[in-house]
Structure formats: C-alpha cells, structure tokens
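Given the structure of chain H, go ahead and fit chain X with the ligands onto it with the hints provided.
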Amino acid sequence: MLIVVCIKQVPDTTQVQIDPVTNTLIRDGIPFIVNPYDTHALEEALRLKDRFGCKVAAISMGPPNAEATLKKALALGVDHAILLSDRVFGGADTLATSNVLSAAIRKLQSDVGEVGLVLCGKQTIDGDTAQVGPGIASRLNYQQLTLVDKIVELDLASRKIRVSRKLEGRHEIVEAPLPVMMTVVRELNRPRYPKVPMRLAAAEATVEVWNNQVLKLDEQKIGLKGSPTWVSKIFSPDRASGEILGDGYADPDGTAEMLIEKLLAKDMLPI
Amino acid sequence: MTPNPTIFTPLLIASLTIFAWGCWKRFSLLSLGKPEERFDNVGTRIGEMLLYAFGQKRVLAKPFGINHSIIFWSFLILLIANTEFLLHGVFPWISLMKLPDGILLPLLLILDIVSLLALTAVIIAAVRRVISPPYPEARTFDAFFILSLICILMLAYFGINAAKISRMQEGALVLAKTWMPVSGAAAGLISPESGAAVYSVAWWAHAFALLAFICYLPYSKHMHIMTAIPNCFFRRLEKPNTVPREDFTVGKTFGVDRVDSYSWKDLLDSFSCTECGRCQKVCPASITGKPLNPRAVVHDIKVNLLENGALLKKGSEPQIPLIGDQGEGSVSVESIWGCTTCGACMEACPVFIEQMPKIIQMRRHLVENEAEFPEELLNLFENMEGRSNPWGIAPSERTKWCSQLQIKPFEKNTTEYLFYVGCAGSFDSRNKHVSVAMAQLLDKAGISWGILGKDEKCCGDSVRRLGNEFVFDKMARENVEIFKERGVRKVITQCPHCFSTLKNDYRQYGLELEVIHHSELLRNLVQDGYLKLDKTTSEMGDTVFHDSCYLGRHNDIYDAPRELLQTATGAAPKEMERNRNNAFCCGAGGGRMWMEEHVGERINLTRVKEALEEKPDTICVACPYCMTMFEDGLKDVNAAGVKVRDVAEVMAEALLR
Ligand code: SF4
Ligand code: SF4
Chain H
0 MLIVVCIKQV PDTTQVQIDP VTNTLIRDGI PFIVNPYDTH ALEEALRLKD RFGCKVAAIS
60 MGPPNAEATL KKALALGVDH AILLSDRVFG GADTLATSNV LSAAIRKLQS DVGEVGLVLC
120 GKQTIDGDTA QVGPGIASRL NYQQLTLVDK IVELDLASRK IRVSRKLEGR HEIVEAPLPV
180 MMTVVRELNR PRYPKVPMRL AAAEATVEVW NNQVLKLDEQ KIGLKGSPTW VSKIFSPDRA
240 SGEILGDGYA DPDGTAEMLI EKLLAKDMLP I
Chain X
0 MTPNPTIFTP LLIASLTIFA WGCWKRFSLL SLGKPEERFD NVGTRIGEML LYAFGQKRVL
60 AKPFGINHSI IFWSFLILLI ANTEFLLHGV FPWISLMKLP DGILLPLLLI LDIVSLLALT
120 AVIIAAVRRV ISPPYPEART FDAFFILSLI CILMLAYFGI NAAKISRMQE GALVLAKTWM
180 PVSGAAAGLI SPESGAAVYS VAWWAHAFAL LAFICYLPYS KHMHIMTAIP NCFFRRLEKP
240 NTVPREDFTV GKTFGVDRVD SYSWKDLLDS FSCTECGRCQ KVCPASITGK PLNPRAVVHD
300 IKVNLLENGA LLKKGSEPQI PLIGDQGEGS VSVESIWGCT TCGACMEACP VFIEQMPKII
360 QMRRHLVENE AEFPEELLNL FENMEGRSNP WGIAPSERTK WCSQLQIKPF EKNTTEYLFY
420 VGCAGSFDSR NKHVSVAMAQ LLDKAGISWG ILGKDEKCCG DSVRRLGNEF VFDKMARENV
480 EIFKERGVRK VITQCPHCFS TLKNDYRQYG LELEVIHHSE LLRNLVQDGY LKLDKTTSEM
540 GDTVFHDSCY LGRHNDIYDA PRELLQTATG AAPKEMERNR NNAFCCGAGG GRMWMEEHVG
600 ERINLTRVKE ALEEKPDTIC VACPYCMTMF EDGLKDVNAA GVKVRDVAEV MAEALLR
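Each protein sequence line maps, in turn, to chains H and X. Once you know that position 38 of the first sequence is 37 in numbering that gives the first Met the number 0, the rest is easy, because the numbers rise by one and skip nothing. Once you know that position 280 of the second sequence is 279 in numbering that gives the first Met the number 0, the rest is easy, because the numbers rise by one and skip nothing.
Isolated chain H, as found in the complex:
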C-alpha cells in the first residue's frame, strides 16, 4: 500500500509582514518552513511505514525552491518525493491546487502502487482555508476524515480505518473503508527529528519534478485560470500600539499598582 502525504512550503508567518501599500505579504528574506500541520501528517505516514512496511510518497506543489521542503521529507524517511512545479500551476486557489494534487496522486497510483491513504495537514498557515484536503478527497472520490487526532485502528486486511476526530469540545470516532483522505491536527503525534546520515543523503538526492507535460491537465482547470477565487485585499487589522508602564524591574510593586489603577479606570477589573 502506498501512503501519499501532501506537504506545502510556507513562509514562516510569525516573521511575515504585510506591505501596507500593496496589501500583499512581504516575502523577501522570509525563511520558508514546512507547513507545521503537514509535519504531523508526514510523521503519521512514517509511523505507519514503520508499523506496516508500506511505502510513503510526499508530494508538494510549488515553485522550484520548494524542493527544499521535499528534501526535508526525504531526510525523515519518505520513499518518494515529487515536486509538482510548472509556471502554469502558479497562482492557483484551493480548487486548482486540489486538481493538480489529485492528478499527481492518480499518477502515483498507476506508477507506484495502490494508494490507501492520503494525508494532509488540517490547513496551511499561510492560506488557512482547510479546503485542499477535502478538495482532493472529492476529486478522487475518497472518504474524507478531517481533523484527525488519533488513528484508533488501521486494518489492512479488511481495508478499514477507524480514527478519532478532534471537534470543539468533543471527539468523534469514525470508521471508513480505504482509501481515505485524512487531514490531521497537531495532537496526532510528535514529529521526529531527522538523522544526520539521512539528511546528508537527502541533500544529495534529486527530487523528481512533474510539470504539466507529465500531468497533462487542461490548462483551464489549473493555475490562475482554473482559480475562481480572488483575493481582493489583505491587511493587518489596526491595533492600538501599547505603552510601557513604569519600570517593573526597578519598582515591581509601584508598577503593579499603576497597572491596577489603569485597569480599574478602564473598568477592566471585575470587582
């Protein structure tokens, strides 16, 4: 059985600022990271590999420099790493993205072997839509299990999976026949740390790149052209700038008093 993990290279959003004039993310000089939720998806796939001996493929759609993300996956132990990169894929929204990813999964199914599980992070930290995973599931006609925080049971013989979904204030145990697409939350596991020999091997490995000549998708369904969603504006909400009150280090008691007075005056302390 093949497990496919969809991962994305995202800017380290804690370091991202928004250009107030153009309303776009200032990406210059911002380091890229693997979308944090995806690292949990990757980890779970590798654990299933350790347990059941299945193969794991990591795929990512992105510009050529997203290769680094796939090398990280190789360093962690995936068997195949494929970058889906082509100018015509660019500017995609979630619909167009899931079209490309689904096509890649289909190709893996025919080239490498039967796909039983597709794992995605519950959402990316740059887009925050949480739509790509479900999009893939609909396109491939897989069962979809979102917000998984635990795989309760995976029975390969009877091709069934039972998982726990983390919902607000409760958990739901769901069972579904394979193949399934799962999106995962952080609580699912603790990602492993890469071993140096594997990092070095990954650094030298070449990541396979599939462009649209390989996937042969209708250009109307991918990239900017295949994206019905438009982002009209991005902005950071105005926030009143803070103020430094007293000197808590030289005079902790006095400063605490000032703070309390201030909060009282604003009616922010329940008395």
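I should point out that these hints are in silico values taken from the structure, not numbers from a laboratory. It cannot be assumed that every hint is accurate.
[Claimed, not checked] Some chain X residues close to chain H (C-beta under 8 Å, calculated; not the full set):
1. Glu369
2. Pro373
3. His432
4. Phe469
[What the hints assert, rightly or not] Straight-line alpha carbon distances no greater than 25 Å define the calculated DMTMM-like cross-link-like pairs of lysine to aspartate or glutamate that follow:
5. H:Lys48 / X:Glu374
6. X:Lys453 / H:Asp11
7. X:Lys642 / H:Asp252
8. X:Lys614 / H:Asp250
9. X:Lys573 / X:Glu609
10. H:Lys54 / H:Asp27
11. X:Lys473 / H:Asp266
12. H:Lys149 / X:Asp259
13. X:Lys453 / H:Asp125
14. H:Lys232 / H:Asp78
15. H:Lys48 / X:Glu369
Here a beta-carbon is modelled for each residue, glycine too, at the ideal position from N, C-alpha and C.
Frame of chain H, contents of chain X with the ligands only:
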C-alpha cells in the same frame, strides 16, 4: 634457600613475559583509536610532563595527594634498588656493594630512609582506604592487593639488609648502622645465628612480591604507573573547552557509540585513570545524585575496550555496547545527558583525562545518528536551526531590547567593537537589563561600538554541547561568514558561552577574533581611565560572586569580575566555599539550561544554598544562564530579599545612577 639464579632466572623470565604480554595486549588496543595530533610542541609537552607527572603538581593540589607523591617519588628512587635486586638475582656478581663508598654509603642511606617513607605512606593509604575511602567503591581488591605487595616489598627490603647487618663484624657494623639506620635498628631483632635464614626468607619474599607486582601491573588500575606519564605528555596543551569538529560526508556515522570511534588519546585516557575519584567528587551531576559519574564513564570506556578489543581488532562487531544499561563497560543514556560540561572533572583530574569531550561525542551519536534525545530538546533544536535562538522568537525581535536607545549598527572599517548581545541579552526579559546597562556603559566610556541587530545569530553553544554538531556546524559557518564579511575583529560579549564559542570554537573554522568578555572590558576601561568612578554604590549591600564555568574554568578569567565589583562597591565580594577554578556549576551549561532536572537535588538549589551561607544581599554573576539559575533558585528557597545582579549592572549602578 639463598638467592639462586637457576631458580630465580626462569621465574623472572616468566614474569617479564607475563608483563610484556599484558602490556602488548593493552597497548596494542590503542591502535584501534582514530588518529589525533598530539605530537606538536614537544618542548612544552616535556616541560608539562615534568611538572605534572614527575612534579605531581595536580596530585598535590589536594591535601592527601602528598601521600601519593611520596609513594611515587619513592617508587622512582627505589627503582635503583629493585633493578639491582633483579640483576643480582640472575647475575650474583652484580651488586651495588661494588660501588665506591663515597657513592654507596649515601645511596644506602637514601634507600633506607625512602623505604621507610614508602612503607609509612602505604600503610596510611591502606588505613585511609579502610576508614575513609575517597569514595565508597574505592575499597577494591585491586587497591589492597597492590598496597600489600608494596608493604611486603619494603618489609622484605629491611629484612634483607637487617639480616646482612646482623652478621657483620665490628667496623662494618658501625658503618652499616650509621648509613642504614632503619635496617640497622631492625638488625637488633635478629640473632646472628638466625641471620642466614632470615636473609633467605626475606630475599625470596622480596623476590616474589616484586615478581608478583611486575606480573600484576598491566592487568590492574595500577597500569596508570606506565600510562599516566605519557598521558600528561599528550594532554591538550590548551584548555579542553571545545570538542573536535566533525566531517559531514555521506556514508559516515556520527559521534561515538563504539570505543574504536574514539581517538587513540581517548583510549589512552581510559588506561591512565588512577581511579582516584577526584572528578566525581567535584562533578555537579554526581554530587546532586544524578546517574553521571565521570570516573565511571572513563572506567566503562576502558572495560569496554578490553572486552571488545579482540573482536574489534578482527574487524567484528563489538559485543558489549558502549551506550546502554549493560552495567560495567556501558555508559547509560541518562548519565550522558546529565553533564553540564562544567569542566570541573577535567580541572581536578591529576592525569589530565578529558572526560567532557568524550561525553559530548556520545551525545553526538544519540542526536545525529539515532535522533534520540530528551523530548524537551526537540523544540530547542528546531528553534536554533529555524530561527537561530533557543526560544524560537522571530529574529526581527532581536533589537527590541534597545528600541528605546540610540544604538548604531556595526559598520565595516568604521566601528571598532562589535557588541555581540547574544540570545539571552536580546530576548530574555531579565537579561535585557544587562544589555541596556552594557550599552550605557559603553557609551559612557566613549568607545566605538555597534551591533549586528537583526542580523545577529545565535553562536550555537548549546547545540554544540548537546551533541547536535550538524546544526552547530551550519550556525558556525554562517556566523563566521557574517563576521568575515562585516570585517569584525573585536567582539564584546556579555555571555561566557558566546565568549568561549566565538573565541575558542570558531577558531576551528579559521576565524581568529579578539573576543573580550564584558567583565574584562569594563575592568580595563576603568583601569585605563575611560570609565571614571567618583563614588561607589551601596545599593548592593554585601555581595558574593559566582564564577561561571565558561568564564572561569574554561577560560581562566577569575579576577576581572572581582576587581570590577571591588571598584563599584568599594569592597571585595565575598567568596563561596567553592570558588574560582573549584567553583560549583549553576546547572545550566552543556545545554542543561533547556532540559528538565528530575533526579536528585537541583544543581542550582545546591549552589544557591551555598551562596546564601555567605549571607549576601546581592549575588553577583557574569553570565545570563547563571543569572536565570540563581533567580529561579532564590524563588524556590524563598530568599526573595536577596538580589541577583550582573557585574555590568553593578557597575552601571555605581557609575550612572
Ligand atoms: S563536565 Fe562537569 S558535569 Fe560533566 S562530567 Fe565533568 S564535572 Fe560532571
Ligand atoms: S578520571 Fe582522573 S580524576 Fe577521575 S578517577 Fe580517573 S584519574 Fe581520578
């Protein structure tokens, strides 16, 4: 039975064969180690060897060391008598007695007295080992067996001479009694008739004790008699405050998990251990009840080498793992993580064994090859690699500490000093105050200085000591690149860890910087008149100073912070019981800052309590880690009235407030 060459010669040959075989079996194992250059500066090495091995300088650093030194020096002198004894046994015509009187008589006197000294010292050593051993496990068969052999040797020596004297006539007798007072006195106990019998018995007792000693030597801890001297010769001439670099090429394994991954010198270290236990008596981990014991680490490496040596020589896999819970011969994972890299063990070891780098190399194996480490470290490693600081704070916040100050960026060819603020100084809310104080003092002194601001990166100290050499290597290369590109030559640090890493570790990357710790810089600025104090501060009350391991033991800076405190407060700081090179670690070094401490007493509490013994109003430190450990520790013992201040803050208080 008198000395009889036909019986003695074969016995001696057999003993020498056993000795040689033992030596060969052990010393040939050194060839399993990896190459390491220790043959440079031969002149200095010889000098150091004379001082430390023959001069016993470090042995004598502890009061009981004198006893060992007496045994050692006696051993050297008695080599004359013992060599003569062996030769005489084979070739009866060889004898010291043939020497002219002018040489012979003083020699006999010396041998007689030295034998008595040795006998006394050996008895004291045995008694001490019974009633108050250096550490409980020190009461070994090995130790008592050798002590008994030496004891028998000395008694037999007196027996032989006394028997001879007892049969002497008038003139010779007087002469002998004058020049061999101890043997002469013993002769009084022997009747002339029994003289011959006593002589025989004593001679053979001496022979058997000496031959037994020769046979046993290479198989016991007393092998150090042969290895300690070369070990002093091959010691690291510079302070062992770094670890060797690693070569990251594909197909290699990293760190050490089998003895043959160590260098030959590491293996020689293990053969040189005298099992004196001085290292474990100063190790903060051992003292506070953690599983780590540096003596045991060295011992386990030796046992592992002896057990696996034959297999490894054949190219087979070792049978006993070096890292694991298999008892003797294996080092447990918990003990490997317990080390604070404080260097106290290396400072105490009389034969210059380098325990700390061996432990770090085992950490490397765990981190790099196995990705196995305490889970608290996962975030640290990722934060360091991703954001170049331990907390994972956005690098853009590195300059927040100085948002209210006017600070210039470091400019190539214009700025003289780079103030390398460090992660704690940039992000830690308590330590930011130290950075601010430093900035104010530097301005006051009017020197040319600047910062790298958002471009400053972590020096990588913690990851290196934690064995994540791969990440350290990346960080070090990046930093070296930045420093070279910006033309940085002089660096001020307020953190001893940054200080030592920039100064010592980065040298391995071809970067020679003039790194100066803020305590030294401030002291110099005062001395040279750039900072003029017209008053002292009384804010601090009574102060006590805590030495940071990476400033003191690892870099020999003890006086600067003390002088600074004296200048700022008008009084020398008080000293804790363990101070200067004997100071006790705060518990944060070696990456322990980022780890939980579950077993035994907390190291920082031990040190805080020691500081409180001196009843200070302020505990003064010169390191951000020490600062945190003391602040935390004081809260835990409810000593909130006692302050913790960095030396720069004390100085700023005196000068600026
Ligand atoms: S460096 Fe310090 S903590 Fe580590 S073994 Fe030596 S004495 Fe113990
Ligand atoms: S390592 Fe050094 S200090 Fe420790 S027991 Fe051996 S000889 Fe003594």
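Do the hints match the structure? See the list:
1. This hint holds: glutamate 369 of chain X has a C-beta 7 Å from the nearest C-beta of chain H, less than the 8 Å allowed.
2. Given the 8 Å rule on beta carbons, the hint for proline 373 of chain X is violated: about 12 Å separates it from the nearest Cβ of chain H.
3. Taken as an interface hint, histidine 432 of chain X checks out: its beta carbon lies about 6 Å from the nearest beta carbon of chain H, inside 8 Å.
4. Look at phenylalanine 469 of chain X: its Cβ gets to within about 5 Å of chain H, closer than 8 Å, so that hint holds up.
5. In summary, the hint linking lysine 48 of chain H to glutamate 374 of chain X is supported, as the alpha carbons are separated by about 22 Å, within the 25 Å threshold.
6. The hinted pair formed by lysine 453 of chain X and aspartate 11 of chain H meets the criterion: a straight-line CA distance of about 16 Å does not exceed 25 Å.
7. Taking the CA atoms of lysine 642 of chain X and aspartate 252 of chain H, the gap is near 15 Å; set against the 25 Å cutoff, the hint holds.
8. Taking the CA atoms of lysine 614 of chain X and aspartate 250 of chain H, the gap is near 23 Å; set against the 25 Å cutoff, the hint holds.
9. Between lysine 573 of chain X and glutamate 609 of chain X the CA atoms are separated by roughly 12 Å; this keeps the pair inside 25 Å, and the hint holds.
10. Our distance criterion of 25 Å between C-alpha atoms is broken by lysine 54 of chain H and aspartate 27 of chain H, whose separation comes to about 36 Å.
11. With a C-alpha separation of about 52 Å, the suggested pairing of lysine 473 of chain X with aspartate 266 of chain H is violated against the 25 Å cut-off.
12. For the given pair, lysine 149 of chain H sits about 43 Å from aspartate 259 of chain X by alpha-carbon distance, which is inconsistent with the 25 Å threshold.
13. Pair hint lysine 453 of chain X plus aspartate 125 of chain H holds up; C-alpha atoms about 23 Å apart against a cutoff of 25 Å.
14. With a CA separation close to 40 Å, the supplied pair lysine 232 of chain H and aspartate 78 of chain H exceeds the 25 Å bound.
15. Our distance criterion of 25 Å between C-alpha atoms is met by lysine 48 of chain H and glutamate 369 of chain X, whose separation comes to about 18 Å.
In summary, the numbered hints that this structure violates are 2, 10, 11, 12 and 14.
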